[in-house]
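As you go down the protein sequences, you meet chains Y and E in turn.
Residues in the first sequence are numbered consecutively from 412, following the working numbering.
Residues in the second sequence are numbered consecutively from 12, following the working numbering.
It is possible that some hints are incorrect.
Cβ-Cβ distance ranges computed for the label pairs, FRET-style [unchecked claim]:
hint, chain 1, residue 1, chain 2, residue 2, range
1, Y, Leu446, E, Ala31, 26 to 36 Å
2, Y, Gln440, E, Asp30, 41 to 51 Å
3, E, Asp124, Y, Asp473, 37 to 47 Å
4, E, Gly75, Y, Arg439, 21 to 31 Å
5, Y, Glu424, E, Asp36, 38 to 48 Å
6, E, Leu29, Y, Glu438, 33 to 43 Å
7, Y, Lys491, E, Thr153, 54 to 64 Å
8, Y, Glu438, E, Gly75, 40 to 50 Å
9, Y, Gln440, E, Asp129, 24 to 34 Å
Quick look at which bits of chain E chain Y covers, simulated, 3 or more residues with Cβ under 8 Å [what the hints assert, rightly or not]:
hint, region
10, 81-93
11, 134-145
12, 160-172
13, 176-182
14, 189-202
15, 211-219
Interface residues of chain Y toward chain E, partial, derived using beta-carbon atoms under 10 Å [what the hints assert, rightly or not]:
hint, residue
16, Ala454
17, Arg468
18, Glu472
19, Pro475
Hints were generated in silico from the structure; no laboratory data involved.
Using N, Cα and C, we set each Cβ at its ideal position, and we do this for glycine too.
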Amino acid sequence: MAERELTCQELVELITSYLDDALTSEERQLLEHHLTYCHGCRAYLEQMRVTLRLVGRLSTEDIPDDLRDELLAAFHNLRKSADGA
Amino acid sequence: MNDPDNQPPRPADEMALLDALRRGDEQAFLALVTMHYAAMLRLAQMYVGSRAVAEEVIQETWIGVLQGLSRFEGRSSLKTWIFRILLNRARTRAQRENRTIPFSALTSASESDEPAVDPDAFAPPGARYPGGWLTSPAEWDTLPEERLLSRETRQHVDAALTTLPPAQREVITLRDIDGWSAHEVCDYLGISEANQRVLLHRARSRVRHALADYLQN
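Produce the entire structure from the sequences given, and follow the hints as far as they go.
Printed below as a string of C-alpha cells:
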C-alpha cells in the first residue's frame, strides 16, 4: 500500500463500481484500506446501501384491480383462441 | 411475486416460466405481471406522462407478449423481450399523442460531468487533507427503521427518481427496482458497461443526496 492513498472525494466516485464488484483488485484494496481508517467514508457507504434498499422498496406496487382483471381475461381469451386454432 | 432481494430469475427459472405461460398457468402469468409492474409503470410514464395511459400501455404490452409467446425463440431473455415490447408500445403511444419522446439511454447516455458529492463538502487543495470530508456524513444506521420505511420516505425516494434525467432514470429503474444485472441493462439499452455504470452512479448519488436532505432535516 506504499503507492498512494485514496482521498474521500475520490472514494465516493468509486462506490458504484465497488458495489458492482467492478473495481480492479488494486482499486479495491485501496478503497478497502481507506475504509479501515475513515469513519466518514464508512458512513457514506452505509448511506448508499440504505439508499439502494429504499429504492428497491419501490418494486412493490399494487396493480389496480381492473387492470389485473383485464389482463387475466386477455390471458384466458388468447389461450382459448390458441387452443381452438 | 416481488423478490425482496431483487434477484433476477436465472435462465432455468425463465425456461420453467415460459413453459408455464405456454401451458396457460394463470398463477405464473400473474406472478410475472406483478413482479415487473412497478418498473413497467415507471418506464411507460416516462414516455406517456399520465399513469392512466401508462396502465393502458402495460395492458397492450402483455397482450403483445401473450400473442407473441408462441413465436418467442429465446434469442434475448424473456424479460428483455417483454421490456422491448413495452418500449415500442410506449413510444407509439407517445407519438400518437404528439408527446415529445424523452431522449433515453437508447439514443444518448452521456451527460455532462457531475460529481457524486458537492466538491464543497471536501477540503480544498492545499489543505492538510485535501479531498477529505470537512464534515463526516451522517450515520444513517442510527435512524429509526420506521422512519426509513415510512410512506413519507418512500414518497421522497419516488420524487427523487422522477426528477432524474431520462437515461439515469431508466438505468436505476431496471437495476435497483426491477433487479436487472449490469449486463442485462447494457444488452437492453445497447450501451457499454462503462456508460451503464456512470448513469447508475449519477442516479444513485442524486437519490442519496435527496434522501440526505430529507432525512437529516
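query: Checking against the hints above, which ones are violated?
result: 1, 4, 10, 13
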